[in-house]
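Put chains B, C and D on the given structure of chain A with help from the hints.
Line by line, the protein sequences give chains A, B, C and D. Each residue of the first sequence is one higher than the last, beginning at 487 in the working numbering. Each residue of the second sequence is one higher than the last, beginning at 487 in the working numbering. Each residue of the third sequence is one higher than the last, beginning at 487 in the working numbering. Each residue of the fourth sequence is one higher than the last, beginning at 487 in the working numbering.
Quick caveat, the hints were computed from the structure, so don't treat them as lab data. Treat the hints with care, since some could be wrong.
Copies of one chain are not kept apart here, so a pair can be met inside one copy or by any two copies together.
Distance condition first, Cα-Cα at most 25 angstroms in a straight line; then the derived DSS-like pairs of lysine-lysine [said to hold, decoys possible]:
(1) K753 to K587
(2) K681 to K670
(3) K670 to K587
(4) K587 to K681
(5) K873 to K681
(6) K918 to K753
(7) K827 to K918
(8) K681 to K827
(9) K873 to K587
(10) K873 to K670
(11) K670 to K827
(12) K873 to K826
(13) K681 to K753
(14) K681 to K918
(15) K827 to K741
(16) K826 to K918
(17) K753 to K826
Small disclaimer: the values here were computed from a predicted structure and weren't measured.
There are 4 protein chains.
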Amino acid sequence: MRPISIVHWMTAVADRGRSLLELAPPAAGQRGSLEGLCRDLMARRGEATATAVAREIALAWSQTPDERRTEFFATLAAEFNPDPEAVAAAAAAYAQAPGPKTQIALFRAAEPPRQELLRRINYAPGATAALVDMRAALVDRLAERPELAAVDADFEHLFSSWFNRGFLEIRAISWDTPASILEKLIRYEAVHEIKGWADLRRRLEHDRRCFAFFHPAMPDEPLVFVEVALVNEISRDIHTILTAPVDGEADRRAKTAIFYSISNCQKGLRGISFGSFLIKQVVDELQRAVPTLRHFVTLSPIPGFTRWLRTPSPDEEPWLAELRAALPGEPTPEALATLKKPLTKACARYLLSARGPGRPLDPVARFHLGNGAQLRQLNWLADLSAKGIAQSAGMMVNYAYDLDSIERNHERLFDQGEIAAARPVRALADQKL
Amino acid sequence: MRPISIVHWMTAVADRGRSLLELAPPAAGQRGSLEGLCRDLMARRGEATATAVAREIALAWSQTPDERRTEFFATLAAEFNPDPEAVAAAAAAYAQAPGPKTQIALFRAAEPPRQELLRRINYAPGATAALVDMRAALVDRLAERPELAAVDADFEHLFSSWFNRGFLEIRAISWDTPASILEKLIRYEAVHEIKGWADLRRRLEHDRRCFAFFHPAMPDEPLVFVEVALVNEISRDIHTILTAPVDGEADRRAKTAIFYSISNCQKGLRGISFGSFLIKQVVDELQRAVPTLRHFVTLSPIPGFTRWLRTPSPDEEPWLAELRAALPGEPTPEALATLKKPLTKACARYLLSARGPGRPLDPVARFHLGNGAQLRQLNWLADLSAKGIAQSAGMMVNYAYDLDSIERNHERLFDQGEIAAARPVRALADQKL
Amino acid sequence: MRPISIVHWMTAVADRGRSLLELAPPAAGQRGSLEGLCRDLMARRGEATATAVAREIALAWSQTPDERRTEFFATLAAEFNPDPEAVAAAAAAYAQAPGPKTQIALFRAAEPPRQELLRRINYAPGATAALVDMRAALVDRLAERPELAAVDADFEHLFSSWFNRGFLEIRAISWDTPASILEKLIRYEAVHEIKGWADLRRRLEHDRRCFAFFHPAMPDEPLVFVEVALVNEISRDIHTILTAPVDGEADRRAKTAIFYSISNCQKGLRGISFGSFLIKQVVDELQRAVPTLRHFVTLSPIPGFTRWLRTPSPDEEPWLAELRAALPGEPTPEALATLKKPLTKACARYLLSARGPGRPLDPVARFHLGNGAQLRQLNWLADLSAKGIAQSAGMMVNYAYDLDSIERNHERLFDQGEIAAARPVRALADQKL
Amino acid sequence: MRPISIVHWMTAVADRGRSLLELAPPAAGQRGSLEGLCRDLMARRGEATATAVAREIALAWSQTPDERRTEFFATLAAEFNPDPEAVAAAAAAYAQAPGPKTQIALFRAAEPPRQELLRRINYAPGATAALVDMRAALVDRLAERPELAAVDADFEHLFSSWFNRGFLEIRAISWDTPASILEKLIRYEAVHEIKGWADLRRRLEHDRRCFAFFHPAMPDEPLVFVEVALVNEISRDIHTILTAPVDGEADRRAKTAIFYSISNCQKGLRGISFGSFLIKQVVDELQRAVPTLRHFVTLSPIPGFTRWLRTPSPDEEPWLAELRAALPGEPTPEALATLKKPLTKACARYLLSARGPGRPLDPVARFHLGNGAQLRQLNWLADLSAKGIAQSAGMMVNYAYDLDSIERNHERLFDQGEIAAARPVRALADQKL
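Same shape as in the complex, but just chain A (with noise of 0.2 angstroms):
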């Protein structure tokens, strides 16, 4: 009963339906262009021939250069939405007299025939993959384009429904994966640069862990992964889980289970989140293969420290002046060293207060604290690379994801705005100069 590959019947049928395709007149718009392309899917009725326009969308895509995309996307901003008359009038109807009849009438109305396109789109094989692929070059053009956001919202409101996460696989990665699922880690790893095979083995050893989600749609695809040591203590510097020898005993005796790199890989997926999930399955599984674990921490880089240090703010108080102005631009470690105690002060208000619009400012503490982690230790000259000088002045953190804790501390940040913090990092927070 091995499944049969669905995706090679969709190319033979787009196959087949291609060749439809070159004798009959396009259904609408011209074809050649993604443009013409998309107005005449939305204009079909026939199956076959149906997919095979959603195939050649996503080839066009592929092909399509850069600069055309914009235009593109310029297109499905303007055409496929609402019409706002039409609307309008079911609106109008549904307030005067709410029942089955005009809610469903309305909600035809109001949902953007965008999401119709994207949903034919991907009746062809592999689809899934170039939409994703899509949203990624979206994305990009975001904050340039504001006219582009509502095609985006139809993007991400597809996406939570398509990547609902009862659907996603997590899978163990280690060095018996596939070799073309292993070069994607290397590709994809965001946190702590992969310097090739010999680097990434290390990663998968007897003493290290891997997980991975991945989607049945895109199955040789990783949407996020996770990178774990099993140690002894809680691991304060990222150089020595990157280089440290094999613990052959591992398994039978590791007491914590560091968490030191989460990646996204899809620009595609941006907000639909699974990190979350992930570790805290991660935690559930490494629970049950190495029952010795009681500790399951991150140890987390502090991206935004520097930037929130350099920038004034008006009613701060002295001691944060003079240290902005202590600071040298590039610091060494040395020149860091004469300024502990007020950089980890510092860091600590930093993590502890400056908040965004009602969250921690810090994005990474906004997530592992939003997954109900709590703050556990303040670590100095944890990460002397150049980008962890630069961003946070050599230090990272540990959050801990404690099971009985987590959905206390989820709630409590969201209801009452309180961030869960050992006892260590509110002391740093409040030390004397």
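Same frame as chain A, now just chains B, C and D:
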């Protein structure tokens, strides 16, 4: 790289969240009732708690007695609707200044919160199956409770996204298939009852084929399956197919594949069409596996014929009224024999001309002709079962799938309302009595 | 990295070689007869041709009628033997100058060419199964045709090498197992007949387990399987096991695993023992899967009891003769009831003292005690089927597998001839009448 | 019905047995030494203990330093031999009265107990791999220690039974293969070194293929693998193959499959030939997957040519002696260029006429011609690596596998000693200088 069962893990998460639930006060509404749980779920922000509540809902649903379920659906219909005023305001704002912001706001206001509720229920392990079951119960009530139509529309909308054909997997079903799946074929066969394991085994022999669609989130539940006989001539009656001795050479010489049964398994997926896609893919698979095949033809019932015949129509021709009068209430094969000529003429007319709203009136004809098949042949004394005699005076029909013309047939039917039929069938409709 | 079916390919090679065969003259003997094909195969050097001839042999064997097979075995016994003079010379040379050269020469001279013949037949696709079938037919003839013993010894020698336990694969059998395998369990069950699919399904429910050994070269053929019931108390009769309602909580609370049936499937593998290994592995699997289990106990027949009881022995005690006289030819449960005391005493004596050549006389006792199990408990009115009453006066026995003592029990049995038995069983043997 | 890892379980059994071992006195000899463990294993009857001892042996072997291993092999050679007197007696009895009893007794007496020892070691988890490793070490010592030949014969005899081709599994190796397997290809490549992951990846691109044989008991260890290039013309040099740009259309239009490297991976399986079988199966696989292929041709080294050329022979023709004299010790391509005519003539002569004991002298020629391939073409300046120039004056040769003639070629070579060669190669051998 064996995938770890996400279902296993979700159950664990849900278990953990469940104990939290018992300690914590419900976020909204009262727990205990399905309705209360749904309100609670919409108010949750914590991931594990939400998953736990979703699981409670799936469990509670399975334990809710039939009579209480109507009430639950009524609540779903009464609450979780778009706010009429808010949507009217959003539509007005959009009509006045169409743009990304107003459009996104409009879609948010117009999408029934019910859709979000269903998406959240789907967080729980196995919840997709529970939701499909829920809709099956809903579908049963639609005729009597038209006010549930909007609830149904939301289910259908989400299912058509989740069960997107690109996410489906086709599997060949054989005697090597797990008994737990085969057992379901016995249960779900809707056209020609499977009378136990021996009958099933006959249908999976060397000269028979069976294929089914599955969805990754319901891996043990066939969505639709088709049974095929590999024969030489186009079969004219169903008895021969069900009882013929095994042809051990079929895969080396069969010229014709007869699709003699196609069954939708999930009432809860009504309106999400897979059958058309399945048949076409099976044609393709068979062509590759049995290269001698030249014809792909159904042997199909005509479920609506006698009902149509027995319903007088104002402007009908006199011979039809005569035939109606002559047809016994419960005809025997012998009684039918005397009426062969007018019955075949009437049946051909029914298939070629009787229309529902723009489409063939007979549901099976609607399905196959809508797929682009051609009405090939009408078979006299083809199904002498009680059901066969009652619904179609013992006649059956062959629809032919010719890959080179299905697109054209399909488009002609939808564009010009033209039914593809072989000359002999047209001749029957015009025969002199 | 999906394995390509070597069977598929071997068939292709054999097909190609086959056409060569039709052109080329046979290398030796006449083709057409099994014997001729065997002589031909021994004379071949070309690989494809040899594979083709091997395949011819497998095919020809399957078409050879039963009466001709004896003749074929006779040829195998008469030809393909070591050359007496050559082997005598080689043995003399070895005795005179033991060393690598003479030893290798000796082994070559002494190994029956039949073993090489069987190895070559095994080149063909699926030939392992054909050879196992061949030996099954041979085993049936051994009693009447003692001259075939050497042929049988060669089969057994090769099979014990090919079916080395390290090459076997254990599989859990469940309702998710392919029907084509389940069907074979129904056929092969040797202890308590499986009465159709419903009966089988009961034996695979939540509170039952089934495991089987398979060999990679015969992936669809179970070699041996065991059926297990998960219960609380040690079961005293088989009827309860076969008919009890399903215990849906068994995997969370069962204390005892009852091995109530173990069946060897392949007569052709007689003498190659898998059962012992299977039971021990299953104990291990169960311990991991159902941690509440404390006891691993069989519920076993006593197939040789009444035969032994009905056979007078010169120096037996008087009560035994009396019991024999009192026992009706075809006893009813009621008749047995009056003899309970002497029957249980006799049965305990039989199990504890009756010996064949150095080992327990009862074949089932021999198997389990030889595995290191302990004779735990004798059960009165435990199997009231006709067979149960006839062979063991309705009694059954429990053997217990206690992992901490099976080695010791095993070694004591073989070294000192001491049978491990629980005190109550010894007490029964010594009870006063 | 997922198979449960028998290796996992055997390890568990062995662990349990292991603790028993620590309590119980050794059954024979002293434990601690490999020799003592082997004697102990032969004396065991209990299954778990035997498995435990077998595992000890596998472990002890892996920790035995190289110098101690010779001693161990010497013990294997000195003990575990057939008893000369017993075997002489058995042979005499058989010679006097040939029959099943005497024959079985003879075989038992003549089979070295060493074979039983090896079979028992194979009880332990992973022991097959350990035994293969053991023989690899043995093979290294054979030249210096001829007294180990009988030990080696026993290994080879058992391996040829266990690694019977019917038990092997062919797998296509691609970039989707686990990295842990690919890593081994890099290590085992014996013909044209793989220079890291990028080089390997090139060899697995769209226009390349790779296949390997595996055995179920060593699922992660390739036994032999072959690398294939899909090209149009027959390749004349290896550099082009290793460095050509990827041909993305190869699978739709390639006419020729070049087998440019075939490597045996396991020295311990010397004498068990898989390569011939592999090549033929790969030819078959390729034919199905790439229907445009017409030619299946190797590009092979001529490892013995210059050695042969540099060795004077008493009755050789004068031009050969002249060539030898003219050939520089370490020739440059330029120096070779001046000798092209006599070198190609000599090489053709070498391939066509130089014989070892009845067979082609060149080992690669022996392999391919023995498989039934034809000597197709001699290539000048085909391998300019240092090794290529040194061993074959930079020449390489193509052997062609034509499925319609390989059997005939094979049989002619073995029956009449006739080498299949294309006319141009024969012409080279006869060219006038």
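Outcome of the hint check:
Taking CA atoms no more than 25 angstroms apart as the test, K753 paired with K587 passes between copies only; the shortest distance there is 23 angstroms, against 39 angstroms inside one copy. Taking identical chains as interchangeable, the C-alpha atoms of K681 and K670 lie at most 25 angstroms apart whether they share a chain (13 angstroms) or sit on different chains (21 angstroms). In this homomeric assembly, K670 and K587 never come within 25 angstroms of each other (Cα to Cα): the closest approach is 49 angstroms inside a single copy and 37 angstroms across copies. For a Cα distance limit of 25 angstroms, the shortest separation of K587 from K681 qualifies neither inside one copy, at 60 angstroms, nor across copies, at 44 angstroms.
In this assembly of identical chains, the alpha carbons of K873 and K681 lie at most 25 angstroms apart only when taken from the same copy (16 angstroms versus 33 angstroms across copies). With identical chains, the CA atoms of K918 and K753 are never at most 25 angstroms apart, being 43 angstroms at best within one copy and 70 angstroms at best between copies. For the homomeric pair K827 and K918, the shortest alpha-carbon distance inside one copy (9 angstroms) is at most 25 angstroms, but the shortest distance between copies (92 angstroms) is not. In this assembly of identical chains, K681 and K827 lie within 25 angstroms of each other by CA distance neither inside one copy nor across copies; the values are 34 angstroms within and 51 angstroms between.
Neither within a single protomer nor between protomers do K873 and K587 lie at most 25 angstroms apart by alpha-carbon distance, with minima of 58 angstroms and 37 angstroms respectively. For a Cα distance limit of 25 angstroms, the shortest separation of K873 from K670 inside one copy, 23 angstroms, qualifies, whereas the shortest one across copies, 37 angstroms, does not. When the C-alpha separation of K670 and K827 is checked against a cutoff of 25 angstroms, the pair qualifies neither within a copy, at 41 angstroms, nor between copies, at 52 angstroms. Taking the closest pair of Cα atoms, K873 and K826 come within 25 angstroms of each other only inside a single copy of the chain (18 angstroms); across copies the shortest separation is 61 angstroms, beyond that limit.
Taking CA atoms no more than 25 angstroms apart as the test, K681 paired with K753 passes inside one copy only; the shortest distance there is 22 angstroms, against 34 angstroms between copies. With identical chains, the CA atoms of K681 and K918 are never at most 25 angstroms apart, being 42 angstroms at best within one copy and 59 angstroms at best between copies. In the homo-oligomer, the alpha carbons of K827 and K741 never lie at most 25 angstroms apart, since the shortest distance is 30 angstroms inside one protomer and 61 angstroms across protomers. In the homo-oligomer, the alpha carbons of K826 and K918 lie at most 25 angstroms apart inside one protomer (13 angstroms), although the nearest pairing across protomers, at 89 angstroms, exceeds that limit.
Taking CA atoms no more than 25 angstroms apart as the test, K753 paired with K826 passes in neither setting, with 36 angstroms inside one copy and 60 angstroms between copies.
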